[in-house]
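Chain order of the listed sequences is F and G.
Every letter in the first sequence is one number past the one before it in my numbering, and letter 110, counting from 1, is 110.
Every letter in the second sequence is one number past the one before it in my numbering, and letter 360, counting from 1, is 360.
Keep in mind that the hints were calculated from the coordinates and are not lab data.
One or more of the hints may lead you astray.
Since the list gives no way to pick one copy over another, a pair counts as held whenever it fits inside one copy or between any two copies.
Below, in silico cross-link-like pairs of lysine to any residue (SDA-like), each with a Cα-Cα straight-line distance of 20 Å or less [to be verified]:
1. K337 to T378
2. K24 to A455
3. K448 to G323
4. K370 to G55
Here is how the chains run, residue by residue.
There are 2 protein chains.
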Amino acid sequence: MSERRLVVIGGDAAGMSAASQARKRCGPDQLRIVAFERGRATSYSACGIPYWISGAVEREAQLIARSPEQHRRNDIDMRTRTEATAIDLDARTVRARELETGREYDEPFDDLVYATGSVPMRPPVPGIDAPGVYGVQTLDDGAALRAALDAGARRVVIVGGGYIGLEIAEACQVRGLDVTVVDRATTPIGTFDPDIGTFIADAVRKIGITLVLEDGVAAIETGPDGQARAVRTASGRTLPADLVVLGLGVRPNVELAQTAGIPLGSSGGITVDHQMRTEVDGVWAAGDCVESVHRLSGQRVVVALGTHANKQGRVAGINIGGGYATFPGVIGTAVTKVCDLEVARTGLSEAEAELAGYRFVTASVDSTTKAGYFPGATPIRLKLVAELRSGRLLGAQIVGRDNAAKRIDVLATAIWNEMDVDEILSLDLSYAPPFSPVWDPVLIAARKASESVEAHLAA
Amino acid sequence: MSERRLVVIGGDAAGMSAASQARKRCGPDQLRIVAFERGRATSYSACGIPYWISGAVEREAQLIARSPEQHRRNDIDMRTRTEATAIDLDARTVRARELETGREYDEPFDDLVYATGSVPMRPPVPGIDAPGVYGVQTLDDGAALRAALDAGARRVVIVGGGYIGLEIAEACQVRGLDVTVVDRATTPIGTFDPDIGTFIADAVRKIGITLVLEDGVAAIETGPDGQARAVRTASGRTLPADLVVLGLGVRPNVELAQTAGIPLGSSGGITVDHQMRTEVDGVWAAGDCVESVHRLSGQRVVVALGTHANKQGRVAGINIGGGYATFPGVIGTAVTKVCDLEVARTGLSEAEAELAGYRFVTASVDSTTKAGYFPGATPIRLKLVAELRSGRLLGAQIVGRDNAAKRIDVLATAIWNEMDVDEILSLDLSYAPPFSPVWDPVLIAARKASESVEAHLAA
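Taking the hints into account, I'd like the entire structure generated from these sequences.
This is the structure we're talking about:
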């Protein structure tokens, strides 16, 4: 029996990537691994929940990359339906409670991975905790919402028009429900500039979703049975609802860490270094609950995204297992689809660039996804934000259809490497008429941005 | 009337980009621009010709980005059907001949842009110049081939299974012809490694094209009328043909330059610097006829591709117009589609990496274009070539469907920036289930390559 013990709190992407990587490098004779997960499922795609709700993904099991049983076969002592309720950093134990039996016990650790994810933001308004108000964070949340929809809900109000809000809105629309989305901003998904957001608003409305913008939620009204039955907005509108979904984004789930004395950063996430070590010796953290370095703003930020959670968990696990890996930060890349409209972003929006203290030019161009004369060519719009003088690319946004949005990755890679728009326009990108115009839209946008930078230099 | 005179030889992408950029910076009072083009059309998409032949593009005019008349309205004295027959570098004149009238005259220049493009390679075998043997380089070539097909050809033999060879083969197949492709290599498109080339061979055969590999052309047999009627191969096969298409690639069209004394490089293309200046004062060159720096091999290479021609022409024109721009070289990115199969490459193949003196590992991975559980997810294979020790990405190849191939641009951007595979796997690429698995295939491939590099270090 080995002496060294690893305990993982949280059985989804970050926690189980860490566990798997540690196991890959250390056999059971070297390291004992215990993982706690409050829910039923492990290693599932939370991002896939909207598509399960819409029916595009048929079975819940499809969302599960690795079941508890599979983890157990990998010599990980996976304990589902078990909640970690306290961490004692002096005794180096985690207090665990089996949800079904109520049994509690202390699990000792040498290394601890804290990977509790995030929780939906709940505005502090009357009725917000009423039955009939759903978050969509865990697979169990998704199952609950799906059951409520199956039970015959007709009218859904989504509070918040961010990525998850819109994805759930579309899923409900596909199911034939009457859907309303309320958002405070002038356009949905506030991380896009309003000129791009307008395209999103149009696409949302075009599929029949009611969009209430520049208005917030003031209260959830409940019926005599205590169930949510309407959303009252700040401007005084009453939006009847059989159920309400929270789509205001998430906050890191850090209560347990905070109580235990694991330091948080100013962003509200757990402070970690490049190896995913917290400030407490032998305690690691990864996923939605940690803060990351934003490579452009220089700020530490919380970005809840499965791709980061997987990478961070992998990094923690490799280091725990005696290897060396780092997570070098994020640049704010994101993509989503609203009906057939695709939108993507990377780096800083105009508002974010201003906040970070950059001076910049912007360039927007309209092009096509294939050569203009090629059958099936569709419009694509790119917007670039480039620093004055240096011409360094600070941000990019894309709106289009038919795989237009994935071009954002080229710009993300360019930003990562601190390229300026003048060099970007020289990039040797692939060209053939079925794939792009002879000047790829990315190059056209860089060319225009380069001209803007030059014009500013001359002025 | 201005004193300074620019003459452009070649009215397609490179030449007319140069002319347009020079015109943008210098009005007609500052610079007189005369452009010679042997054919009827200007600024057309040669890469689009196969799709015009197949019928996917309906009208020839769709391939023309800017007509002679449009150039004239931009104050460029565009002289089509006029061939430049000699350059006198001492007298600084170009000898021109009007093809229809036979009239010849000398046109004086201060600056000259040499942009004559390329010509199809013709193996020195009997019958190669017979009527019925077609190249597909210019729009006029395309029109001639199209006319021959319309006249009732049934059997087509394509000599050479490179990009153009296969694109023309598919176009003829779509038109219902009996198509055979002959190629010396073991798999088509020799710039792909054979393990990727096998997928291409399968796709070509699957649509009903006969593929004769590891065999070359020994002679074109002609009938009593002198017309090509069969291809005889090196191994002794006779492939009957109503017409023969040359798909062996192209060579730079440099005879005129060579005769005039404009220096060529060892690659056979015209030597130019980063500003697209030849070694002769005031003489510029751009497009398929010049050699470029390959940023990975360090060699100078000729790459005939519309996207480079456009960029190089732009660079020449900006510099002629008094601005400053450079063309920083190529990394060998290319993409094509064979039926619904997409293949793309960037950087060096295994064979090229060996030739360039690199030691390397390779990593091949199979993934999906969307999250595995998402409807419409299709397989994608990536192969990476990474340098030993440094882990620097040297090359990448992709095969797949449904916009799989365009992911090559991320890897091209990574190679351009000399990224190593370990850093590539940390890239903040966009993720949502309709667009990629939570680990994008690019990241999965980088992860595997990184593990290979690490394993070699440990060994």
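Comparing the hints with the structure gives:
1. Taking CA atoms no more than 20 Å apart as the test, K337 paired with T378 passes in both settings, with 16 Å inside one copy and 18 Å between copies.
2. When the C-alpha separation of K24 and A455 is checked against a cutoff of 20 Å, the pair qualifies only between copies, where the shortest distance is 14 Å, while the shortest distance within a copy is 55 Å.
3. Within a single copy, K448 and G323 get their C-alpha atoms only as close as 45 Å, which misses the 20 Å cut-off; across copies the closest is 16 Å, which meets it.
4. When the C-alpha separation of K370 and G55 is checked against a cutoff of 20 Å, the pair qualifies only between copies, where the shortest distance is 16 Å, while the shortest distance within a copy is 31 Å.
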